[in-house]
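**Student:** Residue numbers (my numbering), protein chains in the order written: chain A, 1 to 89; chain B, 1001 to 1127.
These aren't lab readings, by the way, just hints derived from the structure by calculation. You may find that some hints are simply not true.
Claimed, not checked - Stretch by stretch, here's where chain B covers chain A in the computed footprint (C-beta under 8 Å, at least three residues): (1) 1-7; (2) 18-26; (3) 30-39; (4) 45-56; (5) 69-78.
Claimed, not checked - Distance ranges between label pairs, derived from CB positions: (6) B/Asp1032 / A/Ala58: 17 to 25 Å; (7) A/Val73 / B/Ala1099: 24 to 32 Å; (8) B/Glu1006 / A/Leu69: 26 to 34 Å; (9) B/Gln1062 / A/Leu66: 20 to 28 Å.
Unchecked claim - Cross-link-like lysine-lysine pairs, in silico, BS3-like; alpha carbons within 25 Å at most: (10) B/Lys1091 / B/Lys1042; (11) B/Lys1091 / A/Lys80; (12) A/Lys80 / B/Lys1042; (13) A/Lys80 / B/Lys1100.
These figures come from a predicted structure and were not determined experimentally. Yeah, the Cβ is synthetic: ideal placement off N, Cα and C, and Gly gets one too.
Chain by chain, the residues:
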Amino acid sequence: MLSTSIEIAFVLVGAAILLNLYRLLRGPDTTDRVLALDTLGINTIALLVLSGISSASAAFFEVALLLALLGFVGTVALCKFLLRGDIVE
Amino acid sequence: MNPISEALIAVLIIVGGLFVLLGSIGLARLPDIMTRLHGPTKATTLGAGALLLASAIFFSSQNAGHISLHELAIVFFLFLSAPVTAHLIAKAALHRQQAKFCGERLRRDGDGTEDGTANSSRSPRRR
């Protein structure tokens, strides 16, 4: 039961990542692309957690935590750049 | 593994995957940046939270007497950072829309007419 549900969830998250890539490549404005990149980071965390469950190894948490932190900082930096034309003034 | 916890983990994984997919469908299909913000910031965060909770239950039931709390830190950080990200992206989108609008107005009022300078000085300031 668990392995079947993990496979289904892999397919669902993979489809979500494809939709994010569509918005990232298509997005009419830069803010759409920033939003798509942020969502892509969260979906990568979901994918890492799923592969951590399926391989039953606890080595994926640090990667997921680091990815969450870096995604947040990157999104904030991109938004500050769009708002002010500069990151650190 | 306990069958009850296994069923709980399976349900949480399916629900989490569905919510992540739903957020991305919202991101890809909705018509406008302000409506597109709703999908990823709410549905995707909830889906990732459900997946991380499933992982916490899985690793806690894997070896008895050892409770896994790493995932709750990631859940806490994700739930804390999602509104901040949404607010900043909305602010940047508003700023860009306003700059575009003011630029168009400046161009339209400023060329062709003889009192273009007066009009352009009356139009709102570009930030």
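**Student:** At a Cβ distance under 8 Å, does chain B reach at least three residues of the segment 30-39 of chain A?
**Tutor:** holds (count 8)
**Student:** Holds or violated: the 24 to 32 Å window for the beta-carbon distance between A/Val73 and B/Ala1099?
**Tutor:** holds, 25 Å
**Student:** Starting from A/Lys80, check that the Cα of B/Lys1100 is at most 25 Å away, please.
**Tutor:** Between A/Lys80 and B/Lys1100 the Cα gap is close to 18 Å, so the pair holds against 25 Å.
**Student:** Using C-beta distances, would you say chain B covers the segment 45-56 of chain A, given that this needs three or more residues below 8 Å?
**Tutor:** That given contact holds, which follows from 7 residues of the segment 45-56 of chain A lying within Cβ reach (below 8 Å) of chain B.
**Student:** For a C-alpha distance cap of 25 Å, please report whether B/Lys1091 and A/Lys80 respect it.
**Tutor:** holds, 10 Å
**Student:** Would you mind confirming whether the straight-line C-alpha gap from A/Lys80 to B/Lys1042 stays at or under 25 Å?
**Tutor:** The given pair, whose Cα atoms are some 22 Å apart, holds under the 25 Å limit.
**Student:** Quick check: do three or more residues in the segment 69-78 of chain A have a beta carbon closer than 8 Å to a beta carbon of chain B?
**Tutor:** holds (count 4)
**Student:** What's the verdict on B/Lys1091 and B/Lys1042, does the C-alpha distance respect the 25 Å limit or exceed it?
**Tutor:** The hint holds at about 17 Å.
**Student:** With a C-beta cutoff of 8 Å, work out whether three or more residues of the segment 18-26 of chain A approach chain B closely enough for the coverage to hold.
**Tutor:** holds (count 4)
**Student:** Within 17 to 25 Å or not, the Cβ separation of B/Asp1032 and A/Ala58?
**Tutor:** violated, 42 Å
**Student:** Hint says 20 to 28 Å; check whether the CB-CB distance for B/Gln1062 and A/Leu66 agrees.
**Tutor:** At 23 Å between Cβs, range holds.
**Student:** A range of 26 to 34 Å was offered for this pair. Does it hold for the Cβ distance of B/Glu1006 and A/Leu69?
**Tutor:** holds, 31 Å
Figure legend: structure checked against the earlier numbered hints; the only hint not met is number 6.
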